[in-house]
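K.L.:
Below are the chains, spelled out letter by letter.
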Amino acid sequence: MSDDDTTVQVYRVYIKAPAHTIWDAITKPEWTARYGYGGLSEYDPRSGGGYVGRANAGMIAHGAPEVAADGEVIEFDPPRKLVQTFRLLMDPSLAAEGFTRLTYEITESPGGVCALTVVHDVTGAPGMAALMRGDFDATGAGGGWAWTLSGLKTLLETGKEMAS
Amino acid sequence: MADDDLVFKALADPTRRFLLDLLFARDGRTLTELESGLEMSRFGVMKHLRVLEEAGLVVTRRSGREKLHFLNPVPIRLIHDRWIGKYTERQASALADLKAELESTDE
Numbered sequence: 005m006s007d008d009d010t011t012v013q014v015y016r017v018y019i020k021a022p023a024h025t026i027w028d029a030i031t032k033p034e035w036t037a038r039y040g041y042g043g044l045s046e047y048d049p050r051s052g053g054g055y056v057g058r059a060n061a062g063m064i065a066h067g068a069p070e071v072a073a074d075g076e077v078i079e080f081d082p083p084r085k086l087v088q089t090f091r092l093l094m095d096p097s098l099a100a101e102g103f104t105r106l107t108y109e110i111t112e113s114p115g116g117v118c119a120l121t122v123v124h125d126v127t128g129a130p131g132m133a134a135l136m137r138g139d140f141d142a143t144g145a146g147g148g149w150a151w152t153l154s155g156l157k158t159l160l161e162t163g164k165e166m167a168s
Numbered sequence: 008m009a010d011d012d013l014v015f016k017a018l019a020d021p022t023r024r025f026l027l028d029l030l031f032a033r034d035g036r037t038l039t040e041l042e043s044g045l046e047m048s049r050f051g052v053m054k055h056l057r058v059l060e061e062a063g064l065v066v067t068r069r070s071g072r073e074k075l076h077f078l079n080p081v082p083i084r085l086i087h088d089r090w091i092g093k094y095t096e097r098q099a100s101a102l103a104d105l106k107a108e109l110e111s112t113d114e
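Just so you know, the sequences run in chain order W and Z. When you read off a place in the first sequence, starting at 1, and then add 4, the result is the number in the working numbering. When you read off a place in the second sequence, starting at 1, and then add 7, the result is the number in the working numbering.
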């Protein structure tokens, strides 16, 4: 496990897909249901708009609240940059950590490949930091950002969901 | 060179693995900080960091006047999901079954 003074996590994945497709896969619930934790993301697409991550049926069956994550949109610039606050409500200790800051950046490169960079500032949120780093992967809680982005890449490049 | 080849090549060097370990212990470091953990010239460390960056294992971000290096575990995850998972799944599930069986006979 990393030191507690690490407060920013950076992840990058290269995906052979158009930028607007990757943008949709991040911002539309019919896509977000199909990779990573499989929650249903809904954005009010403007600065100051709301973000809600609704639990899917499986998460609710495991005792998750109907709204599993929430936040506020800071910058909504399709298909390049999304900045938002992000808080998990899956359990009281994560909810108590409050809002973190999450940035998605999509940059196109030649050959139809895009780089998707996720910068997650988890200052003051050690539980969120551990979860997103994948520390609880072995317990079945998902492998954090690396696992989520791997699933996103598989979905967009093959059209199929990554086997869990 | 294919993406996976770049990752394996980058990992096939003890200094580069050590640099990744340094970033795992504390992420977001400058070249000067990383250099202080190694008995190597600044130029040598820069060369290794470039190989790691080309493989996608290190991502750099500017913060004011500093260039910070971050460990990006996604390429290793992709290899895990593509290769390791495929070959360990059967063994792992057999071990899980064995564990469940041993634990149930304990009762």
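What the hints contain is simulated information worked out from the structure, not anything from laboratory work. Mixed in with the good hints, there may be bad ones.
[To be verified] Okay, derived cross-link-like pairs now, EDC-like style, lysine to aspartate or glutamate, Cα gap no bigger than 16 Å in a straight line:
(1) W:Lys20 - Z:Asp10
(2) W:Lys32 - W:Glu101
(3) Z:Lys74 - Z:Asp104
(4) Z:Lys16 - Z:Glu61
(5) W:Lys164 - Z:Asp88
(6) W:Lys85 - W:Glu109
Model, not experiment: these values are computed from the prediction.
K.L.:
All hints, please: hold or fail.
P.N.:
Structure-based check of each hint:
no.	hint	in the structure
1	W:Lys20 - Z:Asp10	holds (12 Å)
2	W:Lys32 - W:Glu101	violated (26 Å)
3	Z:Lys74 - Z:Asp104	violated (48 Å)
4	Z:Lys16 - Z:Glu61	holds (11 Å)
5	W:Lys164 - Z:Asp88	holds (14 Å)
6	W:Lys85 - W:Glu109	holds (5 Å)
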